[in-house]
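Chemist: Sequence:
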Amino acid sequence: MSLLDLFKKSPEKKLKSLQKKVTERYGQAEVRQGAIEQLLAMGSPEALSTLLMRFTVASEPSITDREEKEHVCDAIVEMGPRAIEPLRAFLRSSELATSWTVKMLQGVLPKSEVTSELLGALNALGNEYTRDPQKKLVLIDALGHIEDERIGPALVPFLEDPNDDVRIATATALARLKEPTAREPLLRCFAESLDRARVIATLADALCVGAYGVQGFRETVEGALPPGYYVDRAGLVHKRG
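Residues in the sequence shown are numbered from 116 upward in steps of one, following my numbering.
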């Protein structure tokens, strides 16, 4: 072994060093960008996994932060199949940067496979209490814009999530999808959310948009509808004007 070999960094140490550089929030942009290019040039699954950590921090100024992330996003998508496994692992393991991960997955996978990945990630989170619900919110919103028969039934349980924002996002997504199995769960959620004004307002709109009848819950719904909403004779919720 030569003296030079003794001072060479192991692949693990090199990746650790590069990760520190790409996640240095207040570091010099040139240093961060240089590390980004090194990781892209390496192109291994381990290098791409390290590069994805760039999305977990916000650097200053914000315009540079956005430009760097857009560059990394585009470069990873261009790698196609090589990026799939690192992205899948990052989606499962990270609570951060979910919206960027979704965007990149949409660039390297067919829509049906993207849907499977998002549903798997959401199912892993479950509808129990989470200190920071941001990942759930991003996944629910993304799924609410995809037409796939698996999505509606998978979202319904999140109407029981303890977090108001998760209930709101779920109701909005279900109404957009016009999920036929969501009528009673939406109405049960309405009845259980009478002390949550923001949730009730969203549920009223969801019942209206999805054209869900209030049969079996009419008295409860009529008694708690926000101003501007009413129930017609057929049991459908409408918004005045």
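Some hints here could point you the wrong way.
Now the in silico label distances, taken between C-beta atoms and shown as ranges [unchecked claim]:
1. 175 with 247: 15 to 25 angstroms
2. 333 with 175: 31 to 41 angstroms
3. 142 with 345: 56 to 66 angstroms
4. 173 with 348: 48 to 58 angstroms
5. 125 with 324: 32 to 42 angstroms
6. 156 with 309: 54 to 64 angstroms
7. 156 with 351: 57 to 67 angstroms
Here are the simulated DSS-like pairs of lysine-lysine, each with C-alpha atoms no more than 25 angstroms apart in a straight line [said to hold, decoys possible]:
8. 184 with 226
9. 135 with 184
10. 184 with 131
11. 218 with 184
12. 218 with 136
13. 218 with 128
14. 354 with 293
15. 129 with 184
16. 293 with 226
17. 184 with 136
Please keep in mind that the hints were generated in silico from the structure rather than gathered at the bench. Where a beta carbon is used, it is the ideal one built from N, C-alpha and C, also for glycine.
Chemist: Would you mind marking each hint as holding or not holding in the structure?
Modeler: These are the hints, each one checked on the structure:
Hint check: residue 175 to residue 247, Cβ distance near 22 angstroms, so the stated range 15 to 25 angstroms holds. At about 54 angstroms, the beta-carbon gap between residue 333 and residue 175 misses the expected band of 31 to 41 angstroms. For residue 142 and residue 345, the Cβ-Cβ distance of about 58 angstroms falls inside the hinted range of 56 to 66 angstroms, so the restraint holds. A beta carbon spacing of about 53 angstroms between residue 173 and residue 348 agrees with the range 48 to 58 angstroms that was offered as a hint.
Our hint of 32 to 42 angstroms for residue 125 and residue 324 is violated, since their Cβ atoms are close to 57 angstroms apart. In this structure, residue 156 and residue 309 meet the distance hint of 54 to 64 angstroms, their C-beta atoms being roughly 58 angstroms apart. As the Cβ distance of residue 156 to residue 351 is approximately 59 angstroms, the hint placing it in 57 to 67 angstroms holds. Proposed proximity of residue 184 and residue 226 is supported: the alpha carbons are some 23 angstroms apart, at most 25 angstroms.
For the hint pairing residue 135 with residue 184, the CA-to-CA distance comes to about 16 angstroms; that is within 25 angstroms, so the pair holds. Among the hinted pairs, residue 184 with residue 131 is consistent with the structure: their alpha-carbon atoms are about 19 angstroms apart, no more than 25 angstroms. With a C-alpha separation of about 12 angstroms, the suggested pairing of residue 218 with residue 184 holds against the 25 angstroms cut-off. Simply put, residue 218 and residue 136 have alpha-carbon atoms about 24 angstroms apart, close enough for the 25 angstroms limit, and the pair holds.
Pair hint residue 218 plus residue 128 does not hold up; C-alpha atoms about 30 angstroms apart against a cutoff of 25 angstroms. Between residue 354 and residue 293, the direct Cα distance comes to roughly 17 angstroms. Compliance with the 25 angstroms bound is thereby established for this hinted pair. At roughly 21 angstroms between alpha-carbon atoms, residue 129 and residue 184 fall within 25 angstroms of each other, so this suggested pair holds. The hinted pair formed by residue 293 and residue 226 meets the criterion: a straight-line CA distance of about 20 angstroms does not exceed 25 angstroms.
Note on residue 184 and residue 136: the hinted pairing holds, with a Cα-Cα distance of about 14 angstroms set against a maximum of 25 angstroms.
When the structure is compared with the earlier hints, violations turn up for hints 2, 5, 13 and for no others.
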